[in-house]
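The listed protein sequences correspond, in order, to chains A and B. For what it's worth, my numbering labels the leading residue of the first sequence as 1, then goes sequentially. For what it's worth, my numbering labels the leading residue of the second sequence as 1, then goes sequentially.
Do not rely on the hints blindly, as some may be mistaken.
[As the list claims (entries may be wrong)] Here are the simulated distance ranges between beta carbons: (1) A:Val18 <-> B:Asn257: 44 to 52 Å; (2) B:Val253 <-> A:Arg35: 28 to 36 Å; (3) B:Asn117 <-> A:Ala329: 58 to 66 Å; (4) A:Arg71 <-> B:Asn257: 50 to 58 Å; (5) A:Thr421 <-> B:Ala351: 36 to 44 Å; (6) A:Trp108 <-> B:Pro123: 50 to 58 Å; (7) B:Arg156 <-> A:Met281: 20 to 28 Å.
[Stated by the list, open to error] Chain B stretches covered by chain A per the calculated footprint, using a threshold of three residues with CB under 8 Å from any CB of chain A: (8) 70 to 81; (9) 91 to 97; (10) 212 to 225; (11) 239 to 252.
If you're looking for bench data, these hints aren't it; they were derived computationally from the structure. Ideal Cβ placement from N, Cα and C applies to all residues, glycine included.
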Amino acid sequence: MPAALAALIASIPLAYLVLRATANGLDPVLQVLWRERTARLVGRSILFAALVTLACLVVGIGTAWILARCRLRGAGAWRVLLALPLAVPSYVAAFSWLAIWPQLEGLWAAVLVLTLTSYPYAYLPVLAALRSTDPALEEVSRSLGRGRWRTFATVTLRQVSPAAAGGGLLVALYALSDFGAVSILRYDSFTRVIHSSYRAGFDRTQAAILGCLLVLVTIVIVIGESRARGHADRARTGSGVRRTAAPVELGWWMPAATVGLGGVLGLALGVPAVSLTWWLMRGGSAGTDLPSLATAALTTLWVSLLGAALTVALALPVGVLAARSRHRAVRVIEQLTYAGHALPGIVVALSLVLVGVTILRPLYQRTPLLVLAYAVLFLPSAVAAVRGSVVLSSPRLEEVARALGNSPRQVFRRVTLPLATPGIAAGAVLVMLTCMKELPATLLLRPTGTETLATELWAATTVGRYAEAAPYAGVLVLLSSLPAALMLTTRGDRRG
Amino acid sequence: MRTSRPVLLTALAVVTALGLGACGSGTPPASPTTGSTPGAGSATGAGQAVVLYSGRSKDLIQPVLDAFTTRTGITVQVRYAGTAELAAQLLDEGENSPADAFLSQDAGALGALAAANRLEPLPRELLDRVDARFRAADGSWVGVSGRARVIAYDPRAVPAGRVPTSVFQLTDPAWKGKVAIAPTNASFQSFVTAMRVISGEERTREWLRALAANEPVIYEGNGEILKAVDAGRVPLGLINHYYWFELAAEEGVEVVNAEIGWLAAGDPGALVNVAGIGVLRGADGAEPARRLVDHLLGAEAQRHFAEKTAEYPLIAQVPPSADLPPLAQVSGPRVDLSRLDDLATTQAMLADAGLT
Numbered sequence: 001m002p003a004a005l006a007a008l009i010a011s012i013p014l015a016y017l018v019l020r021a022t023a024n025g026l027d028p029v030l031q032v033l034w035r036e037r038t039a040r041l042v043g044r045s046i047l048f049a050a051l052v053t054l055a056c057l058v059v060g061i062g063t064a065w066i067l068a069r070c071r072l073r074g075a076g077a078w079r080v081l082l083a084l085p086l087a088v089p090s091y092v093a094a095f096s097w098l099a100i101w102p103q104l105e106g107l108w109a110a111v112l113v114l115t116l117t118s119y120p121y122a123y124l125p126v127l128a129a130l131r132s133t134d135p136a137l138e139e140v141s142r143s144l145g146r147g148r149w150r151t152f153a154t155v156t157l158r159q160v161s162p163a164a165a166g167g168g169l170l171v172a173l174y175a176l177s178d179f180g181a182v183s184i185l186r187y188d189s190f191t192r193v194i195h196s197s198y199r200a201g202f203d204r205t206q207a208a209i210l211g212c213l214l215v216l217v218t219i220v221i222v223i224g225e226s227r228a229r230g231h232a233d234r235a236r237t238g239s240g241v242r243r244t245a246a247p248v249e250l251g252w253w254m255p256a257a258t259v260g261l262g263g264v265l266g267l268a269l270g271v272p273a274v275s276l277t278w279w280l281m282r283g284g285s286a287g288t289d290l291p292s293l294a295t296a297a298l299t300t301l302w303v304s305l306l307g308a309a310l311t312v313a314l315a316l317p318v319g320v321l322a323a324r325s326r327h328r329a330v331r332v333i334e335q336l337t338y339a340g341h342a343l344p345g346i347v348v349a350l351s352l353v354l355v356g357v358t359i360l361r362p363l364y365q366r367t368p369l370l371v372l373a374y375a376v377l378f379l380p381s382a383v384a385a386v387r388g389s390v391v392l393s394s395p396r397l398e399e400v401a402r403a404l405g406n407s408p409r410q411v412f413r414r415v416t417l418p419l420a421t422p423g424i425a426a427g428a429v430l431v432m433l434t435c436m437k438e439l440p441a442t443l444l445l446r447p448t449g450t451e452t453l454a455t456e457l458w459a460a461t462t463v464g465r466y467a468e469a470a471p472y473a474g475v476l477v478l479l480s481s482l483p484a485a486l487m488l489t490t491r492g493d494r495r496g
Numbered sequence: 001m002r003t004s005r006p007v008l009l010t011a012l013a014v015v016t017a018l019g020l021g022a023c024g025s026g027t028p029p030a031s032p033t034t035g036s037t038p039g040a041g042s043a044t045g046a047g048q049a050v051v052l053y054s055g056r057s058k059d060l061i062q063p064v065l066d067a068f069t070t071r072t073g074i075t076v077q078v079r080y081a082g083t084a085e086l087a088a089q090l091l092d093e094g095e096n097s098p099a100d101a102f103l104s105q106d107a108g109a110l111g112a113l114a115a116a117n118r119l120e121p122l123p124r125e126l127l128d129r130v131d132a133r134f135r136a137a138d139g140s141w142v143g144v145s146g147r148a149r150v151i152a153y154d155p156r157a158v159p160a161g162r163v164p165t166s167v168f169q170l171t172d173p174a175w176k177g178k179v180a181i182a183p184t185n186a187s188f189q190s191f192v193t194a195m196r197v198i199s200g201e202e203r204t205r206e207w208l209r210a211l212a213a214n215e216p217v218i219y220e221g222n223g224e225i226l227k228a229v230d231a232g233r234v235p236l237g238l239i240n241h242y243y244w245f246e247l248a249a250e251e252g253v254e255v256v257n258a259e260i261g262w263l264a265a266g267d268p269g270a271l272v273n274v275a276g277i278g279v280l281r282g283a284d285g286a287e288p289a290r291r292l293v294d295h296l297l298g299a300e301a302q303r304h305f306a307e308k309t310a311e312y313p314l315i316a317q318v319p320p321s322a323d324l325p326p327l328a329q330v331s332g333p334r335v336d337l338s339r340l341d342d343l344a345t346t347q348a349m350l351a352d353a354g355l356t
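Looking at chain A on its own, in the form it has when it is part of the complex (with noise of 0.2 Å):
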């Protein structure tokens, strides 16, 4: 029943898209569908979101790895720090590196950018995946022969693909859905168009037929996932508690990996760091308005809040579900969580305007309805952090649970809760910087007056307005480490 809710929720933008493509009757949706120039841009959003994922992949499985497994000075703040590019948006990255590198355009670019500020998508679930794997069966591996890139390449990875696969799903939607990045690195996605189609026609028709398709090929690469995801056990089912993995002394290598760690830190975050501080001396509207900094700071840790809380809250059932069951309905019910992801925040904000003047007039423009937005976007994160997580804790031991007489409610409460809470919690970490930093629903939908700092960010480099831009992008990045610090440090000292 929560689960079909959510997926009511997630359907929302859905049903909206449908609603205005079909408004005109079928003539231009045949018209848009047909034009060559609408396959040139599936095959280029295809090959973006392909590239961005792969790239994503690498980075974030790499970096998990030397944090989780590996003993290296200051591995604390390495994770922390490593999670903060999320919270840097695609276009405040786009806008950095063009200031830097002014030639910068087009695939590569764009792949480029937005593998810096959506690695984490994979970062994140890999690394809470490899904390709480047992790394028994690596020694195994180990003790039978099998060298170190072995048995990395074959148990190791192999343990983290549940999680791997999910946080690469997560960026190849996003990469479909982005804005920033392609439109400023001047690269010809579906989004950019769907968003000229309003931009420059108030042609909602177009941009609802584009929405579909978009819908589309999102549905074909979540079942993508799912098949290579599989249905093998990832659960450990020895006796005993599972081990803190003992750290791989890196020796020799270690100078190597904290160059690859700080490298990709330093483009990251290092690049908008600069390009900020750069427009913040030189620029001619720097001077803070910092009542309106520290309000729109406070706005967004509130909205983004109870985003991720309610995000969470949606995606435990659909999660837990998708990790146990293998009924049909519940697939379903797990890829229609995925479409919100995909489509472009205006789409997501204009189907959310529709309900909201129509069915939940009193919420529209309130928070509630604004927070509302942000699950329907980013319930994918979380039901693939919660999915991720539960997978790995073994059914056997919700059985014995239910055998010693609990109810199932206590079941989930005393045993599988527990047990994926450092992935859930991954999960809403993700979540809550991914909403930090929305800016399309967040200035349809927030209450009227109200800014959080990635609308003043918005209004600022509107007209042209770095200097005064930057603190407000700088502010984002600080408030986003204080999440991501909590959950990433708390955790390792209890363990530690």
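Given the structure of chain A, go ahead and fit chain B onto it with the hints provided.
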């Protein structure tokens, strides 16, 4: 049933989140939501409020709105977002819209709302303050400030004397690969639409094809074009005039390399477009909204546009900034700006020519 397990927990969390949200929605510093009691006609509007959707950014309009509140006591609750996004939002909201007035960056968005019968005609007294070219023929909206289309050029690559004075010169082979345009941007599409109205469909189609064959450099917006020209990456670019003044204000006049070339009067490229305002049909705050329109067309607000945002004021009493040639001199084609909402055909033409 496995489904039943998390029922309570989820329901609880959802309710809590929504409940918290409902309480919290009052916490951010939203302006007080006073019901707009019809105190129309009274000199002070204290207690009245206008809900304004503004496609014009805060930096460019908030001071003018603050002055309005100080003068009249009417609170303005502003929702800032992109013009097109707000137009789509207003169209989707329909008659349930909480908005009283829509301040748009361009005439096309207002035209689209008027075509959907969402705007209520303004009083003649307000309309008559502005030249007929810069307001809707049916009185549904009125322009508040104007901007001209110009050519930004890199003086290191193009000497001032060689800068084209007509967009028709841009298809000359001499400019192959040297002209930056933003064909997905509303301001470019408005100008092409104007060209269709003035020079005819066929001539426009030919021009677009020739332009496409001349390998223009495509950008997303005016700002990016100006930056590219300023950095010497492209010799020429088509932009709105005030972008140059924004850049000069941000970076300092002395470091800006790019310069502005004005197109000859009457050239379709020299379209003067406006930011304008319309009052929503059936709005609760229609009366205070009209007083806001009155304020925006007053000398004080018009001087602000002339001096602070380097735009063209639209009432006769206020002259433009000294840096700008007079409006009559840059006046492009005479064209009904309301007709510039037919961007669909323009977009199809641009797509045909391979420009978008």
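Item to check | Unsatisfied constraints (hint numbers, rising) | outcome: 2, 3 and 5
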